[in-house]
Amino acid sequence: MADYKGVLIFGEVAEGKLTGQAQELLGIGRKLADALGEGLSAVVAGSGVAGVAQQAIAFGADKVYVVDDPLLKDYLNDPYVAAMQKVVEQAKPQIFLMGQTNVGRDLAPKLAFKLGTGLSTDCVDLAIDPGTKKLLQTRPVYGGNARATFTTEGFPQIATARAKAFSALEKNDSRKGEVITVAAGLAPSVVRTKLVNRVKEEAAGIKLEDARIIVCGGRGLGGPDNFKLLEALAKLLGGAVGASRPPCDNNWVPATLQIGLTGKIVTPEVYFAVGISGASQHMAGCSGAKHIIAINKDPEANIFREAEFGVVGDLKAVLPALTDKVKELLKG
Amino acid sequence: MNMIVCAKQVLDPEAPPASFKIDPASNSVVPPPGVPPVISPFDGNAVEAALKIKDAKGGKITVITLGSNLLRDVVKKPLSMGCDELILLEDPAFQNGDSWSIAYALAMAIKKVGQFDLVFCGRQSADWDTGQVGAGIAELLNLPIVSLAKKVEAVDGKAKVERVVADGYEVIETPLPAVITVSNELGEPRYATLKGIMGAAKKQPIIWKPADIGADASKIGVAGRRTKLVKLFQPVKEAKCEVIKGETPQEAAVNLAARLRQAKII
Numbered sequence: 001m002a003d004y005k006g007v008l009i010f011g012e013v014a015e016g017k018l019t020g021q022a023q024e025l026l027g028i029g030r031k032l033a034d035a036l037g038e039g040l041s042a043v044v045a046g047s048g049v050a051g052v053a054q055q056a057i058a059f060g061a062d063k064v065y066v067v068d069d070p071l072l073k074d075y076l077n078d079p080y081v082a083a084m085q086k087v088v089e090q091a092k093p094q095i096f097l098m099g100q101t102n103v104g105r106d107l108a109p110k111l112a113f114k115l116g117t118g119l120s121t122d123c124v125d126l127a128i129d130p131g132t133k134k135l136l137q138t139r140p141v142y143g144g145n146a147r148a149t150f151t152t153e154g155f156p157q158i159a160t161a162r163a164k165a166f167s168a169l170e171k172n173d174s175r176k177g178e179v180i181t182v183a184a185g186l187a188p189s190v191v192r193t194k195l196v197n198r199v200k201e202e203a204a205g206i207k208l209e210d211a212r213i214i215v216c217g218g219r220g221l222g223g224p225d226n227f228k229l230l231e232a233l234a235k236l237l238g239g240a241v242g243a244s245r246p247p248c249d250n251n252w253v254p255a256t257l258q259i260g261l262t263g264k265i266v267t268p269e270v271y272f273a274v275g276i277s278g279a280s281q282h283m284a285g286c287s288g289a290k291h292i293i294a295i296n297k298d299p300e301a302n303i304f305r306e307a308e309f310g311v312v313g314d315l316k317a318v319l320p321a322l323t324d325k326v327k328e329l330l331k332g
Numbered sequence: 001m002n003m004i005v006c007a008k009q010v011l012d013p014e015a016p017p018a019s020f021k022i023d024p025a026s027n028s029v030v031p032p033p034g035v036p037p038v039i040s041p042f043d044g045n046a047v048e049a050a051l052k053i054k055d056a057k058g059g060k061i062t063v064i065t066l067g068s069n070l071l072r073d074v075v076k077k078p079l080s081m082g083c084d085e086l087i088l089l090e091d092p093a094f095q096n097g098d099s100w101s102i103a104y105a106l107a108m109a110i111k112k113v114g115q116f117d118l119v120f121c122g123r124q125s126a127d128w129d130t131g132q133v134g135a136g137i138a139e140l141l142n143l144p145i146v147s148l149a150k151k152v153e154a155v156d157g158k159a160k161v162e163r164v165v166a167d168g169y170e171v172i173e174t175p176l177p178a179v180i181t182v183s184n185e186l187g188e189p190r191y192a193t194l195k196g197i198m199g200a201a202k203k204q205p206i207i208w209k210p211a212d213i214g215a216d217a218s219k220i221g222v223a224g225r226r227t228k229l230v231k232l233f234q235p236v237k238e239a240k241c242e243v244i245k246g247e248t249p250q251e252a253a254v255n256l257a258a259r260l261r262q263a264k265i266i
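Chains H and Z, in that order, are what the protein sequence lines are.
Just so we're aligned: the first sequence equals residues 1 to 332 in this note's numbering.
Just so we're aligned: the second sequence equals residues 1 to 266 in this note's numbering.
Hints were generated in silico from the structure; no laboratory data involved.
Backbone N, C-alpha and C define an ideal beta-carbon position, used for all residues, glycine too.
Careful: at least some of the hints might be erroneous.
Facing chain H, according to a computed beta carbon distance under 7 Å, are these residues of chain Z, among others [as the list claims (entries may be wrong)]: (1) E139; (2) S147; (3) V165; (4) Y169; (5) R226; (6) V230; (7) L232; (8) A239; (9) C241; (10) V243; (11) I244; (12) A253; (13) L256; (14) A257.
Cut-off 27 Å, straight-line C-alpha distance, at most; resulting in silico cross-link-like pairs (BS3-like, lysine-lysine) [said to hold, decoys possible]: (15) H:K264 <-> Z:K237; (16) Z:K264 <-> H:K207; (17) Z:K160 <-> H:K114; (18) H:K316 <-> Z:K264; (19) H:K200 <-> Z:K158; (20) H:K31 <-> Z:K228; (21) H:K133 <-> Z:K228; (22) H:K297 <-> Z:K245; (23) Z:K112 <-> H:K114; (24) Z:K245 <-> H:K331; (25) Z:K150 <-> H:K264; (26) H:K200 <-> Z:K52; (27) H:K134 <-> Z:K231; (28) Z:K240 <-> H:K290; (29) Z:K228 <-> H:K92; (30) H:K194 <-> Z:K160; (31) Z:K158 <-> H:K194; (32) Z:K264 <-> H:K290; (33) Z:K245 <-> H:K290; (34) H:K5 <-> Z:K231; (35) Z:K151 <-> H:K194; (36) Z:K264 <-> H:K235; (37) H:K73 <-> Z:K158; (38) Z:K151 <-> H:K200; (39) H:K31 <-> Z:K231.
Please model the entire structure based on the sequences and the hints provided.
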């Protein structure tokens, strides 16, 4: 398949801007393109998104394919798969990267099957094999207990990247690039599903993905009430409150607080894991934290193999005393 | 409503992380001794989604499981929860596939089942976590797909789905037939009742081989893979935890605060 060349990334747009994750894709895309000695392009799709093309160029794209169509205004599987198929047929990239986002998780697999090619999702490492020049795709498996490296036989080699696994390049507004308009050419009948409504459930305040400090509660909290103890500490430190899966499944806290393999991936400076056993699926969401502090009454809990500091004790006794002492220290 | 649920038997993801071991020679996981396999948890949510619709609208649920070394009391769990029929794709030719060859085999089996309104899959399996098979089935059968469902209702020949997104959810309507992948936000799968377990014990699963579903040998199992596993490994962990002590939990907490301050972490 000698006619497949270059790296293409999906330039996801949110609120009229190229998302942070799309910027990260350009960062790793640049490395891969350079290793192949080929070019880096981005595809920006939506309605009224032509202005985003320059942002993609500023973050490293040599070329930007813009697919602007009213049928692409909101993400839905059918029109986006059709539009991406069209762009891939035109651009013929060797590698196509997307973010492992609500959009990427839905778009990438359907597109891969439509194109008859392989896909690796949630990649934490991407590299070019120096010998074969194939894309080496490394991803967590078995709930995060292990990593697996894959290669793809077909083209393009498609991969979705985990948030924060890669870094964006410095923005350079004076960078020049080529903008190519691609007509979506979509018949409305292509779109089988309908977006009826969008409901926002996230609490106002610091987003977990952006928080510098996170206080996270697990099954050990025993119920919704003890989350007040976490909120007090988080408020004092200017941080956000998160949860592992059991409190969300038990409806103690909203599902949008879930940190983990299928929840939010966070990379704070400081992560308090309170009443959290430290199962791999949860660690997959927070192992990028710089400092992990564990509070758990079970000395055998796996979290103590993952944390930098720990206290073995009842969180109902530990947290208030911790909060009070921290308050005192911050004053002095 | 005729519904199909794809369920997979996997090594128990709740087994302690310390018991997880890889055999590097075969690039595979060594099953932890004494820990029986289970139905992949998100597939349990998929079964629950189908059962909720059966409760509301009536109908029949057919479960399809592809795998090897399938333990009958594990794969029959969806039957004991209330599903009606179990089909096993059990044959060495189906083994060691990836999302591609597994989705192909399941799609061919679904074609053979015939008439259906909905196909439910878990959002990702607890072993390989790829999250692709549902989409693959949809593409191969030319069906619409809605992923990450936290609520599914059948209304007037359509399905109304609440789909999980990062800051809340979307409400998506899809015509039927369709494929829906299900997430844990749908709710805990129901427990099997004693009546359900006894009924399931009497039911015999239907076993289909590649020839039964008209499968192209080059598209199933290892032969049908579009991805190749190069290496399976456990990243080396360097962690060492400093456990902060105290006479009482409160004293330990005070000592922790002081230590974090000293380390300039807070």
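Verification of the supplied hints:
Taken as an interface hint, E139 (chain Z) checks out: its beta carbon lies about 4 Å from the nearest beta carbon of chain H, inside 7 Å. Proximity of S147 (chain Z) to chain H holds as hinted, the smallest CB-CB distance being about 5 Å (cut-off 7 Å). Restraint check, V165 (chain Z) versus chain H: the minimum CB separation of about 4 Å is within 7 Å; hint holds. About 5 Å separates the beta-carbon of Y169 (chain Z) from the nearest beta-carbon of chain H, less than 7 Å, and the hint is met.
Taking 7 Å as the C-beta cut-off, the interface hint given for R226 (chain Z) holds, the closest approach to chain H being about 4 Å. For V230 (chain Z), the suggested interface contact is upheld, since its CB lies about 4 Å from the closest CB of chain H, less than 7 Å. A distance limit of 7 Å between C-beta atoms decides the matter here; for L232 (chain Z) the minimum to chain H is near 5 Å, and the interface restraint holds. Residue-level restraint check for A239 (chain Z) holds (minimum Cβ-Cβ distance to chain H is 6 Å; threshold 7 Å).
Annotation: interface hint on C241 (chain Z) holds; nearest CB of chain H at approximately 5 Å, less than 7 Å. The restraint placing V243 (chain Z) at the interface with chain H holds, with a minimum CB-CB distance near 5 Å, inside the 7 Å limit. Checking I244 (chain Z) against chain H: minimum C-beta separation of about 5 Å stays under 7 Å; hint holds. Below 7 Å, beta-carbon pairs count as interface contacts, and A253 (chain Z) has one with chain H at about 4 Å; its hint therefore holds.
The interface hint given for L256 (chain Z) holds, since its Cβ lies 5 Å from the closest Cβ of chain H, which is under the 7 Å cut-off. Given the 7 Å rule on beta carbons, the hint for A257 (chain Z) holds: about 4 Å separates it from the nearest Cβ of chain H. With a CA separation close to 22 Å, the supplied pair K264 (chain H) and K237 (chain Z) stays within the 27 Å bound. For the suggested pair K264 (chain Z) and K207 (chain H), the alpha carbons sit about 24 Å apart, so the restraint of at most 27 Å is met.
Restraint check for K160 (chain Z) and K114 (chain H): the C-alpha separation of about 25 Å stays at or below 27 Å, so the hint holds. With a C-alpha separation of about 25 Å, the suggested pairing of K316 (chain H) with K264 (chain Z) holds against the 27 Å cut-off. At roughly 24 Å between alpha-carbon atoms, K200 (chain H) and K158 (chain Z) fall within 27 Å of each other, so this suggested pair holds. Proposed proximity of K31 (chain H) and K228 (chain Z) is supported: the alpha carbons are some 23 Å apart, at most 27 Å.
Annotation: proposed proximity of K133 (chain H) to K228 (chain Z) holds, straight-line Cα distance about 15 Å (limit 27 Å). Annotation: proposed proximity of K297 (chain H) to K245 (chain Z) holds, straight-line Cα distance about 13 Å (limit 27 Å). Proximity of K112 (chain Z) to K114 (chain H) is assessed by CA-CA distance (about 22 Å); at most 27 Å being required, the pair is judged to hold. As the CA atoms of K245 (chain Z) and K331 (chain H) are separated by approximately 24 Å, the hinted pair is consistent with the 27 Å bound.
At roughly 16 Å between alpha-carbon atoms, K150 (chain Z) and K264 (chain H) fall within 27 Å of each other, so this suggested pair holds. Proposed proximity of K200 (chain H) and K52 (chain Z) is supported: the alpha carbons are some 25 Å apart, at most 27 Å. Between the alpha carbons of K134 (chain H) and K231 (chain Z) the distance comes to roughly 15 Å, so the proposed pair stays at or under 27 Å and holds. For the hint linking K240 (chain Z) to K290 (chain H), the alpha-carbon distance of about 14 Å falls within 27 Å, and the restraint holds.
For the proposed pair K228 (chain Z) and K92 (chain H), the alpha carbon gap of about 22 Å is at most 27 Å, so the pair holds. Taken as a hint, the K194 (chain H) and K160 (chain Z) pair is honoured in the structure, with Cα atoms around 10 Å apart against an allowance of 27 Å. Note on K158 (chain Z) and K194 (chain H): the hinted pairing holds, with a Cα-Cα distance of about 11 Å set against a maximum of 27 Å. A hinted pair counts as satisfied when its Cα atoms are at most 27 Å apart, and K264 (chain Z) with K290 (chain H) qualifies at roughly 12 Å.
Proposed proximity of K245 (chain Z) and K290 (chain H) is supported: the alpha carbons are some 22 Å apart, at most 27 Å. Note on K5 (chain H) and K231 (chain Z): the hinted pairing holds, with a Cα-Cα distance of about 26 Å set against a maximum of 27 Å. In summary, the hint linking K151 (chain Z) to K194 (chain H) is supported, as the alpha carbons are separated by about 16 Å, within the 27 Å threshold. Of the pairs offered as hints, the one joining K264 (chain Z) and K235 (chain H) holds, with about 19 Å between alpha carbons and a cut-off of 27 Å not exceeded.
Under the criterion of a C-alpha separation no larger than 27 Å, the hint pairing K73 (chain H) with K158 (chain Z) is consistent with the structure, at around 23 Å. Between K151 (chain Z) and K200 (chain H) the CA atoms are separated by roughly 16 Å; this keeps the pair inside 27 Å, and the hint holds. Note on K31 (chain H) and K231 (chain Z): the hinted pairing holds, with a Cα-Cα distance of about 22 Å set against a maximum of 27 Å.
No hint from the list above goes unmet by this structure.
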